[in-house]
Each structure stands twice: as C-alpha cells, then as structure tokens.
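Undergrad: Position chain X with the ligands relative to chain D; hints supplied.
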Amino acid sequence: MTNEASSTVVTEVACPFCGLACDDLSVDTAGEALAVVGGGCAKAQAGFARLGVSHDGASARVGGQPASLEVACAEVARRVKASAQPVFAGMALDVSGMREVMELADAAGGVVDHLYSEIGWRSTRVVQDVGYVTTTLAEVKNRADLIVLVGTDVVSKASRFFERYVWNDEAMFEPAPAARRIVYLGGGLNTAAGQSPDGRAPEVFDFDRARMPEALSTLNALLAKQPVSEAAPLGIELARWQALADALRAAKYSVLVWIAGDFEPSQVDLNINAIMSAVRTLNVSTRSNGLGLGGADGELNASMVHAWQTGYPMRTSFASGIPLYDPVHNGTARLVEQGETDTVVWISALNDKTPPPPEAKVVIAPPTLKLEHEPEVFIPVSTPGVHHVGHFFRGDKGAALPLRALRATRLPSAAKVAAAITAQLKEVSA
Amino acid sequence: MSVIKLTGGRVIDPANGINDQVRDIYVKDGRIVAALADGDKVSAEYNVSGRVVMSGAIDMHTHIGGGKVNIAREMLPEDHRGDPVARTEITRSSCGYCAPGTLAAGYRYAEMGYTSCFEPAIIPMNARQAHMEMGDTPIIDTGGYAMLGSDDFLLRMLVANEDQKSINDYVAWILHSTQTLGIKVVNPGGISAFKFNQRKLDLDEQNAYYGVTPRRIIQTLTRAVHELGVPHPLHVHASNLGVAGNVDTTLATMEAAEGRPIHMTHIQFHSYGTEGDRKFSSGAARIAEAINRHKNVSADVGQVLFGQTVTASGDNMSQYRNAAFASPKKSAVMDIEMEAGCGVVPFKYKDQNFVNALQWAIGLEIFLMVDDPWRIFLTTDHPNGAPFTTYPHLIKLLTDRSFRNAMLDTINPDAKAMSNLAALEREYSLYEIAIMTRAAPARILGLTDRGHLAPGAAADIVVYTENADRERMFEKPDLVFKDGELVVRDGKVVKVVRGNTHVVKPEFDRGIEKKIEPYFRRFHSVRMNNFKISDDELCECGGGSKLIPHACGKRS
Ligand code: SF4
Ligand SMILES: [Zn+2]
Ligand SMILES: [Zn+2]
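Read top to bottom, the protein sequences are chains D and X.
At position 109 of the first sequence the residue is numbered 1518 (my numbering), and the sequence of numbers has no breaks.
At position 542 of the second sequence the residue is numbered 1183 (my numbering), and the sequence of numbers has no breaks.
Treat the hints with caution; some may be incorrect.
To be verified - Computed list of lysine to aspartate or glutamate pairs in EDC-like fashion (alpha-carbon distance at most 20 Å, straight line): (1) X/K1173 with D/E1421; (2) X/K989 with D/D1538; (3) X/K1136 with D/E1512; (4) D/K1825 with X/E1178; (5) X/K646 with X/E1126; (6) X/K1155 with D/E1421; (7) X/K1156 with D/E1579; (8) X/K806 with X/E1158; (9) D/K1490 with X/D1119; (10) X/K1156 with X/E803; (11) D/K1762 with D/E1781; (12) X/K970 with D/D1538; (13) D/K1825 with X/E1158; (14) X/K1156 with D/D1578; (15) X/K991 with X/D1055; (16) X/K1155 with D/D1433; (17) X/K1156 with D/D1433; (18) X/K991 with X/E719; (19) D/K1835 with X/E730; (20) X/K1146 with X/E1126; (21) X/K971 with D/D1538; (22) D/K1634 with D/D1607; (23) X/K1136 with D/E1836; (24) X/K1156 with D/D1538; (25) X/K1117 with X/E803; (26) X/K682 with X/E1126; (27) X/K1057 with X/D918; (28) X/K1173 with D/D1433; (29) D/K1779 with D/D1465.
Calculated from the structure, these hints are not laboratory results.
On a predicted model such as this, the values are computed, not experimentally measured, just so you know.
The shape of chain D in the complex, shown without the other chains (with noise of 0.2 Å):
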C-alpha cells in the first residue's frame, strides 16, 4: 500500500458482481475503462471494464426521445400514480438504492420482486417453517474440517469461493486448509477448484441432480441410523453413502453448501429443509452448520432492506395502504400474466445483462444494458462500487461491506432517480 497512494490504483476496493462481494481488489482508475489489477475474477475484471466508464452522452429517453432528467421522471410519477399497482422489478441495486425504491413502492401502492424471488421466496419459506443452523464465511475459512456441497459447485456463481476461503495458507484452527475433505453432492458439476492444493481429488457423488431429495432423505436416514433397503441409492453403493454419514459425525465442523438458485425451483424449499433436518442432526453430538449462498445482484440488500423497513420480505403489496405478503400472488410474472399490473418499472444498477421482461414500460439501468425494445421510458443511471459508495450484502449474512467511487459519471445513481420519481409522485397527488 505504501506507493499506491500517489498512483491509479486504489486497492482494497470491495467487488459487487456477485454475492461474494470480496473486497480484497486493486482497481486501476488511470483507463478509460476501470481495470481489476490485482484480486478478482474474469466476472469482476469484465464488470468493472463494462461499468466502470463515465458513460458520457447518455441521456433518458421519453418515447425513444431524449429527454431531460426531471422530464423523465415526471412521466415515470404519472404512470406509476396511474396505475392501481405497479411493479418495482429486476432491484439489482444497493441498500441505498433499494431504500429509495422502497418509498417510491410504499407511495405508489405497488410491489418490489427481485430478479431472484422466485428463488427467493422459497428459500424464505425454510426460515418460516422450520428456521436453520448456519455460519458464516469467515467461519468456514478457519474452522471447516468437511464441506459438503450440496447440488452445487459454487465456483460457477461465485468464483473465488474455494481461493478465499477454503484453500487458504493457514487457519486458525485444526485442520490446516489443505487438509480439508471435501464432497460433493450432484453430477454435472465443475470440481476443479474442489481439489486441494497438494493434488488431492474431491470426492464426487455423482448422480442426476433433480434427484437431490432421495440424496438428501438417504443421507438423513442414515444419519438418523435408519435402516436403508437399497443396495446403490441413486446408483451409488450405500457404503459411500454410509461412509459419507459417518465422516459428518466425526467431523468437528462441518458445513452444508448449497445456492439456492442451482436447485430445481420446486425443489428449493424440500431441499434446503433436508439440509437442515441433517444439519440438526449432527449438532446433537458435533458442530455442523449449513451456508447458503446468494446475493449476486444484491439479492440481499434488496432482500434485507425490504424485511427490516416492513416486517415482510419481498413480493408484499403496498397497494392497499398497509403491506400484504404473499409471495406466490404477488410475482412480476404471475401479476402480468393475471392482468393485475399495467405497469411494471425495471430498476437495476448493478446488472447491466438480465434483460428486463417485454412489459416493462419503464426502465432504469446503466447505458451498456442492451435493451430488445425500446422501452416508453429508458433513465440511465450509474453504479454502485463503480460509480457511487454504497453497501452491498454478502450472500452469507455475515457483513456488508462498502463500495467505493471509482469512476466519475454524470449519471444519477438509482437511489437519487427513484428519490425524485418519489417527490413527483407526491406533487402530482398534492
């Protein structure tokens, strides 16, 4: 750090292109583009280049017209105001942005849906039926003896998850990290990075992974010393599997992986529950917890922001005057579908590639999203981490971090958009 002070390269910069969010990258200001010299992966290295200019000459559009800031936002306030519940949808924002956004639902009488509460919703649901016992990042990378990856080989969401923390120089605790076992639960999936630095291969049970629940419910039976009458549950001889239960009881810490978004969608909620009836298991003799990881494209702030400011996660209705939870009801897609919005509002700063659905009417993103159609309204805006500070969750729970201003821009960010969206709203209902 010491000669970096004078130069471009700010270091320490935290990354907000997936759920990760390391904070460990060097960050070169002096290009056009921002340049991740040090830390990071091929997505944040593409992210930042992508992002990270100044985006100069972009401007909203009213009817494909430029059209200026407050002009735009008027016409966002119009059709919002007119409308009996609009959709705040895509939400790939950070926690100020989706603060923002969230007084704009309130006061629209609408609904938030991130792009990923599909998922979401059923990963919420575990918490609401039976509750879980989890950790941690920082746990994992000093205490993890077993990690058992469950239907999911991380690295294909989250690249630097093994190079963080589980191949690491040292732990604070036995056993030292190269030492550490690990398996996974699922075929098809990318295990390089599951091979320990001193060329030990990961173990694989390799089988069909929308079969996960009889996975799941084999090893929960024997975890729970049920007898098992299948000689190769999921082809798979039962002495693996067997041996697979007892290396969880000896273990000292182990820990269950899994991403939500990589399980069959209907699937989501059986799952996660089996991971915690195993989980809960284990822990009446031994320490085992389960990680889930999420929050690519601010999964979480959204997520988090939404349940502390109203009680509800997302996918609640404003539109009554008092919020209303219903998570099945009340998705982007089945609200269109069902003619119960005529106006759905994409909103996201942070992921500039999902493309917002055709009935968006209004969109808010970078510049560098390609848009199918022209959308009635397009509003620029900047970045969070690239652009603007902001807070970013990490797909743990176990911190946010702070994002930093790397690259001026005279694009609003989407928290002052949805802010002034808010203030015309209210004017035009004066």
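TA: For chain X with the ligands alone, coordinates are given in the frame of chain D:
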C-alpha cells in the same frame, strides 16, 4: 429560529431534583433554555397546565436493529398480519407486533414518549447493518453496544497474556470502528465455546480451545471499559441464561467485576434458583440484596409479560438449547464471523405455565426489591421478555399494587405460591418511573444532554395528562417533542424527523492497528479497512443521522 414555550406544566425532572413543580419550559432551536433573550419571539406556545412534563424516555436495551432482528422479521409473517401500520400522508406503512419493521418500531416508540433507544448486541462485523436498521427507525435517537468476549482476536490476546493497555486499545478501536456507545459481553466466551461444541460454560470453566474462563473475560473487559473512561459500564449478559440455579453464576459474575462498574442485563433471566418440587425458584431476593449492597452494579430487568413473542439473542449456545421450547416450532441459530453468533427462537409465555408465571413474578420482585431506582432499568429486553409496546402495562404493574396483586391471583397457582410478590408493598412513584426511564439511563450511558430538562438539554420532551390508570397515561402522551419539534400529538405521529446516533470515541493508541491489520488479512473475511465505519459512512448508513459523540474521561 423557533422558540417554543410550554406553560404551566407539572415538571418531573429527577436529574435536576425537580419533583412535580409547576414551571414554564422554553425551547430555542431544539434546546432547552432558561429564559428568552430580548427579541426572542415565541413561535408556538402550549398551555400544559395541570399536565405532567418529563423528558423523552430512553430505552437502554432493546433489540431494534441488526441481523438477528431481521431474521426474526423474516421468520414470523404470522406475527405481522395482525399488527399493520397503515400509510398516511406523513408516515409509511409497516407492520409487526413482536418483530416489527423499523418504521413501525420508530413510530410506536415515539408515540409512547420514547425518544432514544439503544441496540445492545451489535456484532462488530455486522455494525453496518445495525446502523442501517437504526437509521431507518424514524424519529428516535439510536446507538448501540458492540459485542466482545467471544471474538477470537480478544481470546488470542488473553492467551498471549497481552497487557491490559493493548486490550484497552483494541476495545477502543472496536468502539471507534463500529461507531458504538458501549461494550457488551454475551455469555462471556460461551459463543466461542459453542463453536468448539461445548454446550455450557460456567464462570470458572475453561473454553476448550483457549483455556480462557468467562471470569477472566469479565475482569478484563470491565477493566478496559472503566480505564478507557467509557461512561457505560461493561454491559453483561451473564453465563447460563435461563438455566435453573443460575442465580449463583449471576452473583459470582457481579463479584468478578472486582468493584468496577458492571451492568447486568436482563437480570430476570439470570435470577433462578433450584428450590421446590420443580427445582425452579426465584432468586430475586438474593439478586436484589446484592445489587443493593454493591454500588458498582446496575441492572435492567428483562421483564417477561404473557403472550407471543420472539427471543433474539447473541447467545447461540443458550438459544440452541432453547430451540427445544420454540413456539411456533422453528428457530434460527448462527455462528458469525469469528466474532459472535445469534439465535432466534419464537416463544409464547403462558400465565398458566409454572415456569413462565414464575419468570413474570421474579422480574417484578427484582423491580420492587432493588432500592435504588437509579440502578435498575425498565426493560423487557424487547422482544425477549415481551415487545416494548407492553411498557405502559409494566409501569402499571410497578405503580399499582392492587392491580399487580389482581394479576398475581390469575397466574399459575404454584408459581404464585413460590413468589413473595403479594407481600411486596412498594408502588413506584411517577418520580421513580421518571428516574428509571429517563434520568438514570441517560446518566449510565453518559448522555449529558438527554434525560433531563435543564437549560442546555436537547428538547426531547413528553407531556402526559395524569391518569390514575398509569397504563392509559403512559401509552398515549398528549405531546412529544423531539429536538424541539412536535412529533406526536394525542399519541399519534404528526411529524417525522430523523434521530441522531450516539457514540463514544475514547482515546487510544492507533498503533494497535499494526496487530489488527494482519489478523484480518490472515483470518478474517474482509480487510481491516473495510471493517471500519468512518463518520461519513455512518451518516450514510444512518440515512443522514447526525453523529453525537459523548465524552470519555480516561482513567489510566
Ligand atoms: S468472486 Fe464474485 S465478488 Fe469475488 S471478485 Fe469475482 S465477481 Fe467479484
Ligand atoms: Zn442478552
Ligand atoms: Zn437483549
């Protein structure tokens, strides 16, 4: 410039020894002033003659922000359905009874005359979230206590026999980095022990890995907090939460402070004996006697009131055990970031259940047997004993013996027989209620400009119409002023303002970062510089809250 006059009220201001004197109060630009200067024009006058005037109430221990509270919210949609807060022209919609949204919590606290609330269990790594949630809690001032004692950094320092000065530097660094007002220890060393699969940890029992005892942690941290001159004593959630017979641990924990200031929190949950057929009895008399004798000890009660609630604690060792009693049957337990943990367990206290009924009686016994209202604080440990909205009911129990005894007659008869509550004649006066809900919390937290009504104080002022039914009186003040702004009229929010954040910034040697920085790089999940919350960042987390630092008088 705004000048307000409150005319003819009956002022109860224990910090200044004023007990029910008729006085006019002047407020200029958010502060109380002795008199108007030449040329000052009163912009609003309120005739409050005959009405009771107190400073804004202060809740010194209430779980209003941070990870575990938010888990409770997500876990309990069934809690929220019956308690919506509707959107109005000036307020936003929200909901929740025992785990309300921050918006609902802020409005309701203000509507009960509370103007400052303190979150007692901030996990240092999660301080940002706590400040964000508190920043989204409207109207009231906030602040919090950082949790230490099961963090591996401190335990390693103890193993390495680092000197007290280095420990003090670390503690001060935590206070600065997390922007907090005090230090709390939760089941000292026990959260760490649980990660090593220990299921209980007595005061003199060793952590299986570190060999450190809870007693040593209490000794070290009470000393650190004292020497740094942090006004609030070490805030202690003692070992053996909720366990029959824990009264002995609690008394020994008081002794472990070796005469230094120590605050024992939710002491009701730590005042259980093992007498009687069911091996569960009241330790209240011994606890009260010890508090009366040890002037260095203060406590908040953590009163249990009957009904559905949710318990949310940093004490994952105890909460894992308590999960067996969850109602409804669900619970969340977490190990967190080599620093701490948490446990969220919904719970229903039933008046016909022997244990619950006795818990209720034990809390009241402690309130009534501790002589000095400056050292015993009115809390339910929201939401652990009951939601904070039950405070007016609790005040009625303390101020009205016949009401209390009528309630006592309805609880589980075996519990009633085990309690001496019926024999306790004490009824708290309004003056004593003002001490325990205003003057004393301000004093024990070092909030020199809150909790009283002398010139210079912030104009956090509450006006009540006196009512012999104290529950009615306290649940709906006539007027509440926050920093001189009228925010509540007739128990309803009329204006939404943003509260301040209270912190302490003790002096310390920044050289300690040379030890902390590599520790973060080697073992933590974030870099040290991303852990620290700067003043500017705090204001952003707090949504624009003003930072109020309070003085520390260094003692070493
Ligand atoms: S793993 Fe995720 S958070 Fe880490 S650098 Fe890559 S994209 Fe960023
Ligand atoms: Zn506690
Ligand atoms: Zn508490």
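Undergrad: Each hint: holds or not?
TA: Cross-check of the supplied hints:
Restraint check: the Cα-Cα separation between X/K1173 and D/E1421 comes to about 13 Å, which is no more than 20 Å; the hinted pair holds. At most 20 Å may separate the alpha-carbon atoms for a hinted pair to count; X/K989 and D/D1538 meet this at roughly 17 Å. Only pairs whose Cα atoms come within 20 Å are accepted, and X/K1136 paired with D/E1512 is accepted, the gap being roughly 16 Å. For the proposed pair D/K1825 and X/E1178, the alpha carbon gap of about 18 Å is at most 20 Å, so the pair holds.
Restraint check: the Cα-Cα separation between X/K646 and X/E1126 comes to about 12 Å, which is no more than 20 Å; the hinted pair holds. With a CA separation close to 17 Å, the supplied pair X/K1155 and D/E1421 stays within the 20 Å bound. With a CA separation close to 17 Å, the supplied pair X/K1156 and D/E1579 stays within the 20 Å bound. Proposed proximity of X/K806 and X/E1158 is supported: the alpha carbons are some 18 Å apart, at most 20 Å.
Only pairs whose Cα atoms come within 20 Å are accepted, and D/K1490 paired with X/D1119 is rejected, the gap being roughly 36 Å. With a C-alpha separation of about 12 Å, the suggested pair X/K1156 and X/E803 falls inside the 20 Å cut-off, and the hint holds. At roughly 12 Å between alpha-carbon atoms, D/K1762 and D/E1781 fall within 20 Å of each other, so this suggested pair holds. Distance hint between X/K970 and D/D1538 is fulfilled; the C-alpha atoms sit about 8 Å from each other, no more than 20 Å.
Annotation: proposed proximity of D/K1825 to X/E1158 is violated, straight-line Cα distance about 35 Å (limit 20 Å). Restraint check: the Cα-Cα separation between X/K1156 and D/D1578 comes to about 19 Å, which is no more than 20 Å; the hinted pair holds. Taking the CA atoms of X/K991 and X/D1055, the gap is near 14 Å; set against the 20 Å cutoff, the hint holds. Under the criterion of a C-alpha separation no larger than 20 Å, the hint pairing X/K1155 with D/D1433 is consistent with the structure, at around 18 Å.
Only pairs whose Cα atoms come within 20 Å are accepted, and X/K1156 paired with D/D1433 is accepted, the gap being roughly 19 Å. Distance hint between X/K991 and X/E719 is fulfilled; the C-alpha atoms sit about 19 Å from each other, no more than 20 Å. Of the supplied pair hints, the one linking D/K1835 and X/E730 holds, its CA atoms being roughly 9 Å apart against a limit of 20 Å. Proposed proximity of X/K1146 and X/E1126 is contradicted: the alpha carbons are some 28 Å apart, above 20 Å.
Only pairs whose Cα atoms come within 20 Å are accepted, and X/K971 paired with D/D1538 is accepted, the gap being roughly 6 Å. Of the pairs offered as hints, the one joining D/K1634 and D/D1607 is violated, with about 34 Å between alpha carbons and a cut-off of 20 Å exceeded. Proposed proximity of X/K1136 and D/E1836 is supported: the alpha carbons are some 18 Å apart, at most 20 Å. Of the supplied pair hints, the one linking X/K1156 and D/D1538 is violated, its CA atoms being roughly 44 Å apart against a limit of 20 Å.
The hinted pair formed by X/K1117 and X/E803 fails the criterion: a straight-line CA distance of about 52 Å is larger than 20 Å. Note on X/K682 and X/E1126: the hinted pairing holds, with a Cα-Cα distance of about 16 Å set against a maximum of 20 Å. For a cut-off of 20 Å, the pair hint linking X/K1057 to X/D918 stands: about 14 Å separates their Cα positions. Between X/K1173 and D/D1433 the alpha-carbon distance is near 15 Å, which keeps this suggested pair within the 20 Å criterion.
Between the alpha carbons of D/K1779 and D/D1465 the distance comes to roughly 17 Å, so the proposed pair stays at or under 20 Å and holds.
Checked against the numbered hints given earlier, the structure breaks hints 9, 13, 20, 22, 24 and 25 and satisfies all the rest.
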